[in-house]
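2 protein chains.
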Amino acid sequence: MRNVTVENITDVFSAYFGDDADPRSKQVLSSLAKHLHAFVKDVELTHDEWRKGLKALEWAGKLTCPERNEFVLLSDVMGLSSLVDMVNSKPDVTSSSVLGPFHVSNAPPLEIGGDMRGDFAGEVVLVEGTVRDANGAPIPGASVDIWQTAPNGLYSSQDPAQETYSFHGLMTTDDRGRYAFTTVRPVSYVVPDDGPAGDILKAAGRHPWRPSHIHFIVEAEGYHSLVTEVFAADDPYLDQDTVFGVRDDLVMHYVKQPAGSFPEEFELSGQVKEEYSRVDFDFKLALI
Amino acid sequence: MRNVTVENITDVFSAYFGDDADPRSKQVLSSLAKHLHAFVKDVELTHDEWRKGLKALEWAGKLTCPERNEFVLLSDVMGLSSLVDMVNSKPDVTSSSVLGPFHVSNAPPLEIGGDMRGDFAGEVVLVEGTVRDANGAPIPGASVDIWQTAPNGLYSSQDPAQETYSFHGLMTTDDRGRYAFTTVRPVSYVVPDDGPAGDILKAAGRHPWRPSHIHFIVEAEGYHSLVTEVFAADDPYLDQDTVFGVRDDLVMHYVKQPAGSFPEEFELSGQVKEEYSRVDFDFKLALI
Numbered sequence: 025m026r027n028v029t030v031e032n033i034t035d036v037f038s039a040y041f042g043d044d045a046d047p048r049s050k051q052v053l054s055s056l057a058k059h060l061h062a063f064v065k066d067v068e069l070t071h072d073e074w075r076k077g078l079k080a081l082e083w084a085g086k087l088t089c090p091e092r093n094e095f096v097l098l099s100d101v102m103g104l105s106s107l108v109d110m111v112n113s114k115p116d117v118t119s120s121s122v123l124g125p126f127h128v129s130n131a132p133p134l135e136i137g138g139d140m141r142g143d144f145a146g147e148v149v150l151v152e153g154t155v156r157d158a159n160g161a162p163i164p165g166a167s168v169d170i171w172q173t174a175p176n177g178l179y180s181s182q183d184p185a186q187e188t189y190s191f192h193g194l195m196t197t198d199d200r201g202r203y204a205f206t207t208v209r210p211v212s213y214v215v216p217d218d219g220p221a222g223d224i225l226k227a228a229g230r231h232p233w234r235p236s237h238i239h240f241i242v243e244a245e246g247y248h249s250l251v252t253e254v255f256a257a258d259d260p261y262l263d264q265d266t267v268f269g270v271r272d273d274l275v276m277h278y279v280k281q282p283a284g285s286f287p288e289e290f291e292l293s294g295q296v297k298e299e300y301s302r303v304d305f306d307f308k309l310a311l312i
Numbered sequence: 025m026r027n028v029t030v031e032n033i034t035d036v037f038s039a040y041f042g043d044d045a046d047p048r049s050k051q052v053l054s055s056l057a058k059h060l061h062a063f064v065k066d067v068e069l070t071h072d073e074w075r076k077g078l079k080a081l082e083w084a085g086k087l088t089c090p091e092r093n094e095f096v097l098l099s100d101v102m103g104l105s106s107l108v109d110m111v112n113s114k115p116d117v118t119s120s121s122v123l124g125p126f127h128v129s130n131a132p133p134l135e136i137g138g139d140m141r142g143d144f145a146g147e148v149v150l151v152e153g154t155v156r157d158a159n160g161a162p163i164p165g166a167s168v169d170i171w172q173t174a175p176n177g178l179y180s181s182q183d184p185a186q187e188t189y190s191f192h193g194l195m196t197t198d199d200r201g202r203y204a205f206t207t208v209r210p211v212s213y214v215v216p217d218d219g220p221a222g223d224i225l226k227a228a229g230r231h232p233w234r235p236s237h238i239h240f241i242v243e244a245e246g247y248h249s250l251v252t253e254v255f256a257a258d259d260p261y262l263d264q265d266t267v268f269g270v271r272d273d274l275v276m277h278y279v280k281q282p283a284g285s286f287p288e289e290f291e292l293s294g295q296v297k298e299e300y301s302r303v304d305f306d307f308k309l310a311l312i
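Chains as they are written, first to last, in the numbering used here: chain A, 25 to 312; chain B, 25 to 312.
One or more hints might be untrue.
Since the list can't tell identical chains apart, any single copy or any two copies may satisfy a pair.
[As the list claims (entries may be wrong)] Computed list of lysine-lysine pairs in DSSO-like fashion (alpha-carbon distance at most 30 Å, straight line):
| # | residue 1 | residue 2 |
| --- | --- | --- |
| 1 | Lys50 | Lys226 |
| 2 | Lys50 | Lys114 |
| 3 | Lys76 | Lys114 |
| 4 | Lys280 | Lys297 |
| 5 | Lys79 | Lys58 |
| 6 | Lys50 | Lys79 |
| 7 | Lys114 | Lys79 |
| 8 | Lys226 | Lys58 |
| 9 | Lys76 | Lys65 |
| 10 | Lys79 | Lys65 |
| 11 | Lys114 | Lys65 |
| 12 | Lys114 | Lys58 |
| 13 | Lys76 | Lys50 |
To be clear, the hints were calculated from the coordinates, so they are not data collected in a lab.
Whenever a hint applies, use it, and build me the whole structure from the sequences.
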């Protein structure tokens, strides 16, 4: 096309595809171009704004390292990560929600009833539940990968004071599909806001807070993997998660239990005399 | 918003803006989110594709350095750079076209009639024209910043064998608004295709070629700066510039001139006895 114009550029883009282009690549790239072109036209993006956007991406590149992925964070604060989760969610099972950048692979095995709190202070929380299929039948032998912030609001990968697998555990459900562990409450925290994602939040007049949550990856043979996170019903940021992760079915309750009622069969049994909280949360997985 | 869904996430994004957000920032970010969300929904982007996109941006970050900006190149091959040029073009004057990543600032002054060819071999080309306003009146004292590839298809910043300002010159129009210089023909060339922009071209089954062109930045007090490039009418890639830069009014002709006809008043006068080519190209600038 000799004379590229505002009106024809999106069609010209599509006309440049080779005959042997993979159909899915063509679909994704054509749609990306169509929507980015529409954005530039809608706002009549200036050269200064275009340069600012490119500088933000350059800066994200400089900040990105094994401990921090600023591109993931940009995707998070723009709502893209959550949207990708949602368009890929399966019906009639637990919603997926953002993986985030803080998962550490190969966490050490955690026995059912085991403790993730370690030496950290804070009220004991007992989390338990069952991994089920869409009809409610328990799934024994499912893998439950768990991670959360320490009470200081930092994940181990952000915090030199924590060991790599601090507040990370990998559990296998028992023959009734059950998982159970003790921990301390994670806290609301701010996403890193000293990079371009933070600049977007500042330009939007948005805060960088996420409501407190516990992350899970639940996997079982024959089922779709579930990457999700579970939020506290009483968190002040529940209705304004800056990365758009909250879904109705992912809200759980910390229920106070009286002193002296801590159950048997837990690693901490016999040690917890005082009040503690209990969370019950079941996961439902979709058949492949 | 507690329950973020595929249907409401774009509205939730807009609802999160603070009351004191700058109106233009709000407009640009809302529109960007709206169009990126529509893209994810339209193609039902998978997690693998999302990760692939983020990896491409990470890779672009690693490749970007003072000599190469892969984000600019991604913008170029997606048609965004050209579209930004076009939505900001002024009516009734010369079209703008992509700046590209190869401009070097502070080029040395080049006298009217001066030579940019230096020691490079190749047929002499005489380029001349007048800088005018929208009504055709000449603009004396306009600055004309010129750059192009060497005959090997490389810009000085890509080519260790060239000096920094090889094939770069900064001219000031005379009292009739005229500029003129000699050079050799630039050639069609490939954009760097060993990074994520190249991966897009490969996935699209597109070639990485640009038709040969000479770049200009034309500036004069009281007028909008013009960033543009001028293309050879006989270039085989004129109808499929991989960065969408060609506009009808930016096409020029190399017109053969007989041996012995090289004019006076040029740096090369007296030295060019053989055939040469001549290009006439006028620029029109828009009043601020």
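Between the shortest in-copy and the shortest cross-copy C-alpha distance, which are at most 30 Å for Lys79 and Lys58: within, between, both, or neither? Both: 23 Å inside a chain and 22 Å across chains, each within 30 Å.
When no copy is specified for Lys50 and Lys114, does a C-alpha distance of 30 Å or less occur within a copy, between copies, both, or neither? Answer is within: at 26 Å inside a copy they meet the 30 Å cutoff, but 33 Å across does not.
For Lys114 vs Lys79, is the C-alpha pair at or below 30 Å within one copy, between two copies, both, or neither? Cα proximity of Lys114 and Lys79: across copies only (25 Å, versus 37 Å in one copy).
Alpha-carbon proximity context of Lys50 and Lys79, limit 30 Å: This pair counts as both: shortest intra-copy Cα distance 28 Å, inter-copy 19 Å.
If the cut is 30 Å between Cα atoms, do Lys76 and Lys50 qualify within a copy, between copies, both or neither? Classified as both; 29 Å inside a copy, 15 Å across copies.
Cα distance capped at 30 Å. Does Lys280 pair with Lys297 within a copy, between copies, both, or neither? Result: close within a single copy only, 13 Å intra versus 98 Å inter.
Give the relationship of Lys50 and Lys226 under a CA distance limit of 30 Å: within one copy only, between copies only, both, or neither. between (36 Å within a copy, 11 Å between copies)
30 Å Cα threshold - placement of Lys65 relative to Lys114: The answer is between: 15 Å across copies meets 30 Å, while 35 Å in one copy does not.
Up to 30 Å CA-CA - Lys65 versus Lys79, copy category: both (20 Å within a copy, 27 Å between copies)
With identical chains, the pair Lys76 and Lys65 could be close in the same copy or across copies; at 30 Å between alpha carbons, which is it: within, between, both, or neither? both (17 Å within a copy, 27 Å between copies)
Given identical chains, is Lys226 near Lys58, meaning Cα to Cα at most 30 Å, within a copy, between copies, both, or neither? Both: 28 Å inside a chain and 19 Å across chains, each within 30 Å.
Please work out whether the CA atoms of Lys76 and Lys114 approach to 30 Å or closer within one copy, between two copies, in both situations, or in neither? between (38 Å within a copy, 22 Å between copies)
Every hint, counting from the list given before, is met by this structure.
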